[in-house]
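Dock the two chains into a complex; use the hints.
Chain by chain, the residues:
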Amino acid sequence: MTTNDLQRMANRLRLDVVETVHAAGDGHPGPCMSIADIVSVLFFEEMKLDPANPRWPERDRFVLSKGHACPMLYAALARKGYFSMDELPKLRTLEGILQGHPDYNKTPGIDTVSGSLGNGIAIGLGMALGCRMQKIDNYVYVIVGDGEQQEGIIWEAAMAAAKHKVGNLIVFGDCNNNQSGGKVTDLSSLYPVADKWSAFHWHVQTIDGHDIDAIRNAIAEAKKVTDKPSYIECKTVKGKNIPYMEHNNAWHKRTPTAEEVEIAREALRGALWE
Amino acid sequence: MGVKSTREATMKAILDLAREDEKIVIISPDAVAAARAVPFQQEFPDRVIEVGIAEQDAVDVAAGLATTGMRPVVISYAGFLTMRACEMIRTFIAYPGLNVKLIGLNGGMLGGEREGVTHQFYEDVGILRSMPGVKIITPADAGQAYQAAKAMMEIDGPVYLRLGSGREPEVFPEETPFEFGKIREVMSYGDDVAVFASGFIMNRAIEAVEQLKAEGVNATLIDVATVKPLDSKGVAAVLERCNCAVAVEDHNFYGGMSSAICEVACHFHPCKVRRLGLRDVYPRSGVAAELLDAYGLAVQDIVDAAKDAMSNK
Chain A
1114 MTTNDLQRMA NRLRLDVVET VHAAGDGHPG PCMSIADIVS VLFFEEMKLD PANPRWPERD
1174 RFVLSKGHAC PMLYAALARK GYFSMDELPK LRTLEGILQG HPDYNKTPGI DTVSGSLGNG
1234 IAIGLGMALG CRMQKIDNYV YVIVGDGEQQ EGIIWEAAMA AAKHKVGNLI VFGDCNNNQS
1294 GGKVTDLSSL YPVADKWSAF HWHVQTIDGH DIDAIRNAIA EAKKVTDKPS YIECKTVKGK
1354 NIPYMEHNNA WHKRTPTAEE VEIAREALRG ALWE
Chain B
25 MGVKSTREAT MKAILDLARE DEKIVIISPD AVAAARAVPF QQEFPDRVIE VGIAEQDAVD
85 VAAGLATTGM RPVVISYAGF LTMRACEMIR TFIAYPGLNV KLIGLNGGML GGEREGVTHQ
145 FYEDVGILRS MPGVKIITPA DAGQAYQAAK AMMEIDGPVY LRLGSGREPE VFPEETPFEF
205 GKIREVMSYG DDVAVFASGF IMNRAIEAVE QLKAEGVNAT LIDVATVKPL DSKGVAAVLE
265 RCNCAVAVED HNFYGGMSSA ICEVACHFHP CKVRRLGLRD VYPRSGVAAE LLDAYGLAVQ
325 DIVDAAKDAM SNK
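Protein chains in written order, with the working numbering: chain A, 1114 to 1387; chain B, 25 to 337.
Simulated from the structure, these hints should not be mistaken for laboratory data. Heads up, a few of these hints could be off.
Claimed, not checked - Within a straight-line C-alpha distance of at most 30 angstroms, the following computed DSS-like cross-link-like pairs (lysine-lysine) qualify: (1) A:Lys1248 <-> B:Lys252; (2) B:Lys206 <-> A:Lys1278; (3) A:Lys1341 <-> B:Lys252; (4) B:Lys206 <-> A:Lys1276; (5) A:Lys1278 <-> A:Lys1366; (6) B:Lys252 <-> A:Lys1276; (7) A:Lys1337 <-> A:Lys1276; (8) A:Lys1337 <-> B:Lys47; (9) A:Lys1336 <-> B:Lys47; (10) B:Lys252 <-> A:Lys1219; (11) B:Lys206 <-> B:Lys252; (12) B:Lys36 <-> A:Lys1248; (13) B:Lys47 <-> A:Lys1248; (14) A:Lys1161 <-> B:Lys252; (15) A:Lys1219 <-> B:Lys159; (16) B:Lys36 <-> B:Lys47.
Just chain B, with the same shape it has in the complex (with noise of 0.2 angstroms):
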């Protein structure tokens, strides 16, 4: 498995596009370098609104600038989009429901690894999926996130596409499909037990679910791209099939997919689901495998929890 970045091939689609419409616009609080729009601002230097290091005046211009039919797409660090510009992104952009796409690089352990806190980024979606009128996309590497904000920029509306650190592996073939709004199946060896994954730790649940077959347990292996608005009938009908589940996600163990995962259970199919995700906590520095090993997200966690969720069948 090579390594791909998810921030190229995600700017690469927002140029593809950019060249047929010219309404489509990037505003940057000094993340053109660091979202990869070098390429994107030396063909078109006036579409891309430099405001400085300036993330909320960033989402408010944005939100201005849509106001006049242009398309903007914000670029910025996971957590100084949707936590210093919180306000910003719920009251000027989702609330009047303007047609702003917002791009987060870092999310996650992964997304910041050697970085630290303060460039980690796993409360994102959780802040996000608690607004209403965002939707949200967690691609799970470089292929599906030029897939993903192709599909992004088709929807009239506020969505936020979560990317990582630029070195994501990459776990699918590049023609793999995405459907927007929809759960996709990776792999499936039985209904013994359903595993749940989203974004860059996808790499991981696929060795999880091939070292379960190799000790005789027969998961499925679910894609959760879309986190908002959540496939809830697809979800709804895998954990029929298969009667628990575990969730796995770089995020914090509130507020994100695996949180999305239980409300869709409670509801529709009540079952033991295992949650993996940082255990709120704040991790430390590191390489990127030795982070999510020493926060609980390594292959044999995965394969554990399956396991304990199978347990109470």
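In isolation and in its complexed conformation, chain A is listed as follows (with noise of 0.2 angstroms):
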């Protein structure tokens, strides 16, 4: 795909996160904003996957560990053709394959279990490790919220993985400044915390985290290096794109209005139809 198409395809799940969560009538749209171009390059160019065949042993591997934000990863596994489109609206009820955090036997696609946070590093480094003793070539791609990583068991992780020079684990940290309380900065002294992962050990990079061509290239650089665990810090805008979302803390878990989804609609329509 261009890199237009690619932004495209990330404005196109964003409005699909919109109208998924206006449907269900409840959700987490702003922690979805942040990650589209992330998941767009991931999803439509980058990993490994047969959705014909959801537990294909060689596919790459996706955590969102900040599985609050996984109306964006439905949204991308429908697209794909994992399950139908007509899913997207029944996310949250007992009709429903979509669970309220990712589930690992519901829905087709999801390769964990996510949504208490900080557990997905973790979770990556035993899918890296199992993957790489059984010799199948791929990667295990993260996506990792920056409020999540207050939390002990990321460190944890953090110091197993570079011990065990996991080159095929490829860590994106999504640094929006905001959690569910607040800012990032104000809740606690996390930043800087690229030299963070660098003390860790781990292979750093900065990007912004809505150049799809930055995100490309980074998880380029990354697969380069394959003694050590990559960390990409993206910088990011919660809510990104939804005029009424970005920057908006409010929108953590929020259900947008008919009308609020018209003009999420109104917004994104050259970027998506242009």
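This is the structure we're talking about:
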């Protein structure tokens, strides 16, 4: 896909999320928007996947450590053909296959349970080790929020991953400086965080997480490093490209009204159909 | 009666199986020495994944490994696994039903004995019993632990194996059978009272049943080695026969095997069940045998409870 195609796909997924959360009447739309471009590059260009065979052993793995952003993941999986787009409005209902946070067995294409914050890197490390031991030539991609890096297990996993030299583990830090209760910089002393990953002996890059080519290049650079796990610090905007959501943490968990869906559609019109 | 290590017996079983299946790997939060996994490490150095002193990480790494088809066995102390990594076991292993095996050392007062409360774990069975999808085995001695470990590895899904200090009394001949999911009658002098026992307290239960016999009380002793899923039909049949019971375990009073027996009794055959375990207190450091005596698990305590259970028949 061209850069423009991937940008359009990211915005298509953003609108899918707004429509999904509106239809379901529940969910976390704001945290989805900051990862849209990363998800677009991974699912529509980078990852080796087979939607007809979701548990294909040779596939790349994807862990959405910040599992509350799953409407974005569900939109990508639906558009990849893992299940019908008709499932999206049934999010968080007994009739649907899409749980409030990712479920390993109910939803095709989900590689692990996630949503209890902090666990994604440790699980990704296990996947990376398991694939390497079985000589599977693939990559494990993890998206971790910045707020959840306050969890201790993140740094347990950081230490262990460096020790085991898992070059097949690539972690994106979705650094939008927002968490449920406010600004990450107000609630913790996490930043500067890239230095911490370097100190833990990871290969570290910092990019604009909404720049498709920067994401592509960072993945290519990460793959060149075979004896270290990679952390890609992605500077992002919570609510990106949805005017009333950008930088507004009230949209961490909130349902858009029909009018707000229309505003989003109008805002993305050029970005989608130009 | 000799002493033999449940830790060594278990790791011998895992090593025997690992020679046949290269997908079996050990995940260690610095527990290789404690769990007696050194021989495994010497034979298969690439199949021991050391994560450092980080139990939560160990459990999540095991979850990730299991999704790739590996067969991880996590070794750690019972409490560090079931308490510190409690949520990881529940959410990332039990909920998706992944094929991860959990081995917990220092189960019970007897397990931690002189180490004190920080290293004695009498809540593990109760914690795990409350999680859907986790199977729990509490073998009575080293021979049973060896067989239990082998049986555990045949199960596709999460199983917890409760081990002790490594100084467990040997109570059964090595060829004694072990059947997962079933209770086993150890001895039966009659139906005056049933004694259900679980884990390394079995030697005391045997002594108590012999003492009761000498005093004219004919008891039946049952080994409840699989606490979950409990053999409810088997337990109910014993309760119907004896119409009263004692349940004895090295675990806190709430949530363990004796609670499970009472749940079955309530449903299938209400009768008096006297429970013996740690009475909801934190004990002290002490020599193993003295500790059990001091906290209500002496042979005489079992004998007295049996007589009390019979008093309402």
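Numbered hints the structure breaks, given as an ascending list:
1, 2, 3, 4, 5, 6, 14
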